[in-house]
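> Note that the protein sequences, when read in sequence, are chains A and B.
For the record, in the first sequence the residue sitting at position 70 is 69 according to numbering that gives the first Met the number 0, with numbers rising by one throughout.
For the record, in the second sequence the residue sitting at position 723 is 722 according to numbering that gives the first Met the number 0, with numbers rising by one throughout.
Keep in mind that the hints were calculated from the coordinates and are not lab data.
From a predicted model like this one, the values you see are computed outputs, not experimental measurements.
Please note: incorrect hints may appear among the correct ones.
[Stated by the list, open to error] DSS-like cross-link-like pairs, simulated, lysine-lysine; straight-line CA separation at most 25 Å:
id	chain 1	residue 1	chain 2	residue 2
1	A	K51	B	K106
2	A	K51	B	K740
3	B	K106	B	K21
4	B	K649	A	K95
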Amino acid sequence: MEILMSILIGFLFMAAVYLILSRSLLRIIIGTGLLSHGTHLLLLTMGGLGGKSAPVLADGITDYADPLPQALILTAIVISFGVTAFSLVLAYRAYKVVGTDNMDLMKGNEDND
Amino acid sequence: MSLIFAIFLPIIVAFVIPFLFKKVSNIHTGWFVLLVPLGLVAFYGTYIPDIMAGNTYMEEFAWIPSLDISLVSYLDGLSLLFSLLITGIGMLVVLYSIFYLDKEKEKLGNFYVYLLLFMSAMLGVVQSDHLISLYFFWELTSISSFLLIGYWYTKDRSRFGALKSMMITVFGGLMMLGGFVILGIMGDTFSIRELIDQASTLVNHDLFVWALVLVLIGAFTKSAQFPFYIWLPDAMEAPTPVSAYLHSATMVKAGLYLVARFTPIFALSEVWVWLVTGVGLLTLFWGSIFAVKQTDLKAILAFSTVSQLGLIMSLLGIGSISYHVTGDLVTTFTFASFAAIFHLMNHATFKGSLFMIAGIVDHETGTRDIRKLGGLMSLMPISFTIAMIGSFSMAGIPLFNGFLSKEMFLDATLSLQQFNVHSLDSWWILFPVIAWIASVFTFVYSLYFVFHTFRGKYKPELLPKKAHEAPLGMLVSPAILAILVIVIFFVPNFFGNTFIKPAVAAIQPLAYQVPADVGFKIKAWHGFESTALYMTLGIFLIGFLLYKTIAKWVPLYENMPAKISLNRFYDGLMNLSDKGANRLSSSYMTGSIRSYLIYMFAALIILLAFTMWVKDAFVMDLTNLAPIQFFEVLISVVLIISTITILVTKSRLTAIIALGAVGYTVALFYIIFKAPDLALTQLVIETVSVALFLGAFYHLPKLNKYEKGKEDRRFRLNNFLIALGVGVMVTLIAIASHSQKLVVSISEYYKETVYSEAGGGNIVNVILVDYRGFDTLFEISVLTIASLGIIGMITVRLAKKKGDRKVENK
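Put together the whole structure using the sequences plus the hints.
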C-alpha cells in the first residue's frame, strides 16, 4: 500500500507542479490546492499506514496509528485553506485591477508595469 | 593609554563629531578634531627614546578568538615612524582644513568623521602584526578614501574618482588577502613576526612566489604604481586637505609600508628584488614624464606623487638586495633602505606643503588651471616662498632636504653595479640612466609648477576671484612643513638617528640588531669623486635647458595615441562589467514568477537527487508493507481520474468540481488510514473551499488556454518535464522514507503520556491543543491575518485609476 501511495503522491505533485507552471491564475491556485493534498498524504505515508486503530485511547488496544503526522496534517489542512482563500481573492482582485489573469502579461517590467 | 586604544581613539571621537557640528555652530568643528592628532602625536612621541634604543612594544586583543584572529598592535621603528607621520601630518592637515573648509557651507560633520575613520584605519595598518586585521584596516583606508574623494558628491568627477580609486585599491586588497592566506597556510600562523622567523624555510615553498606576487599587487595598487597609478590623478577631486593627507603623505604610502614590512620575508626571493625595483623605477619614469604635460596644479602634484612613490619603491627594492649578498656589500644595499625611509619622510614634508599651496591658490584665485595662473608672486609672497621651498626640494636642489635623499637615491642605483648575478654587468647601467632621466623631468616639472604659477604675467581677467594672500591660519601648516624641509637639510642626522635608523633596523633585521648598529651618516658633500655629484649637476643643466624650452616640446605629448591609454582600458573594463552584469542578471531575473518557480523546482530535483545519491539513500524495502485492498485501489483510481480531469479540462467549473473530488477522495483515504479527525476536517474544509471557488468563479475569467501554437507546445513540454521530475523525486523520497527508519519516532512519547500528562484520550487533539498549543494559537493568528487581508481586498475600493498606477521597477 505504501508503494501505491507513494506513486499516487508523486502523481499529485506532478500535476500540481504542472498547473503551477501554467499561465492562468486559476490553474495556479488549483495547483497549490493539489500540492497541499499531495503533501498531506506524503506526511501520512511517511508515518506508516499500518495502524490498526485510530489514535484515540481505548482499553485493550496497543496498535494505534501514528498520531504525530495526523496532528501536523490537521494544522496544514487549515493553513492551506487559508492560503487558497487568500490567493483566490488576490486573483480576483488582480483580475479586477489588471484586467487579465495571464501571468505573462502581469509580470512587472519596463514595457509592462 | 594602551596602544590598541590609541588606534581606535579617532573612531571613538568620530562618534561625537556630528553632534558637535550640529550643536556647537559658532566654533569650527575642526578645532575639536585637532585635539585628537595633537594628543596622539604627543603619545607616540613618548615612545621615541625607547624605540631608538631598540625596544619594541606589543599589545594583543583577542578579536575573534575562535578563528585565532586578534588585533595586535606592534610598535617598532617602522610603525612608529609611520604612526608619527599619520598623526603629525594629520594634525597639520586638520589645522589647514579649518581655514580651507567653510563652516557654514560645508558638511563638516561628514568630513571629519571620514577623516578620523581614516586616521584609525591607517594607524591600524601600520601597527597590525596580524595579517587578517592588517587586511581589515587596509580595506578601511580604501573605504574612507572613497568617502573623502566623493566628499563633494554632487560633482560627477568626484563620484567617478571615488569609484575608480575604490575599484582599483579594493581589487588590490583582495589580491593581497589571497597572498596573506597563502602565507598563513605556508607558515601556519598569521603573525608577521612569526612569519619573518620562518622566512628561510618559507622561501622554498611552492606557493611562495604566488604569495609574493599577490601581496605586491596589493602594495602596488595602494601606492599607485604602474600600471595601477591611474586612480590617483582622479582622486584629486577630493578637497585639498584630503589630497595632501591621504593621497600624498599617508595612505598611498601604505603600499611602501607593506613592502618594507614584508622585506624580511620576501626579499629572499630574487623575483621580489626585480619586481619592486623595476616597477618602482618604471613608475618614477612614467610619472615624471607625464607630470610635465598636466595643466591642473593638483594633477601635476598627483603625477609627481606617483613618480616619487616609484622612487621610494625602487629604493626599497634595491635595499632588499642586501639579503642576497655578504660581507661589505650588505651595507652597500641596506643604504638604499636607509635612503628610502629618508626620502619617504622628506616627501611627506615637501609634497604636503606643495599640496597645501595648490589648495591656497585654488582657494584665493578660484582656479587651479596653470594656463590661467601667473604673476602671483607679488600678490601672494608667503605662499610663493613656501611653494619655492617645496618645489626646490622636490627638484633636488641643495639647501633643501630633497637634495640629500635624491643624491642618496642616485648613489643607490649606481650601487647596482656591484650586484653581479645573471650577467647583470652589462645592463645594470639601465637603472641609473632611467633614474637620471626621471630626475631631469622631476626638475622640470618642479620649476614649471612654481614659476608658471607665481611668475610670468598676471592675468586677472582669467581668474574667477581677485587674488590675494591667504589668511594667516591657512599658511601655518604649509609653513611648518617648509621650515622642516630646510631644518632637515641642516641637521639630517638628528632625524636620521631618531626616526630613520629604527625603521631601517626593522626592515633589515638580519643586518642590524638595534638601531644604533645602522652606521650611516647623511652628508651633503661627498667630495669630487662622487659620481652622483656629476649626475646632479647634469640634472640641473639639462633640466634647466628643458624648462626654458618647455613651450616648444610639450605639444609633442599630443602625438600620444589616446586609444591605448590605461584610462581607456579601465573605462572599457568598467563598461564591460557593467553591461555584462546587467545582461547576466536580466537573463535570469525575468520578472516572471514562473521562471523563479522553475529554478526552485529544478534546484529541488537536483539537490535532492544529488544528496540522496551521495548518501546512498535510494532504498526500497518491500517487507513491512500494509496490504492493499480493493477499496483503496478504487479510491486511487478516482483520485487519478479527477486529477487528470483538472489537467485537461477547458471549463472552469469542471476543474473546480474535479478539485473538490480530489479533496473528498483524500478525505476517504484519511478514513481508511485511521485518521478520523483529519477526515472530518478535510470534508468541512473541502466543502467550504469548493463554495469559495464557485463564488469567485463568477468573477474570474474563463479558463483560457493561453498555451497554444507551436511555441506553446515547447512551453508545455518544459513544464511537463519539470513536473515529471518533481513527481518522480517525491515518489522516490516517499518510498525511501518509508523503507528506512533511522530514528525512533517521538510519537511513542505522546502515546504513553497523553493520559497521564494531559488527561485526554484523543491523541491528535491533545497534541494540538496541549503539547503544541502555541502552534495552534499561531495557526489561528495566520488565519486571522489571511481573513483580514481578504476583507481588505474585497471591501477597499480601488483608490487609484489604472493610469495613475506607477510601479517602481528599478
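> Are any of the numbered hints broken by this structure? If so, which, sorted upward?
1
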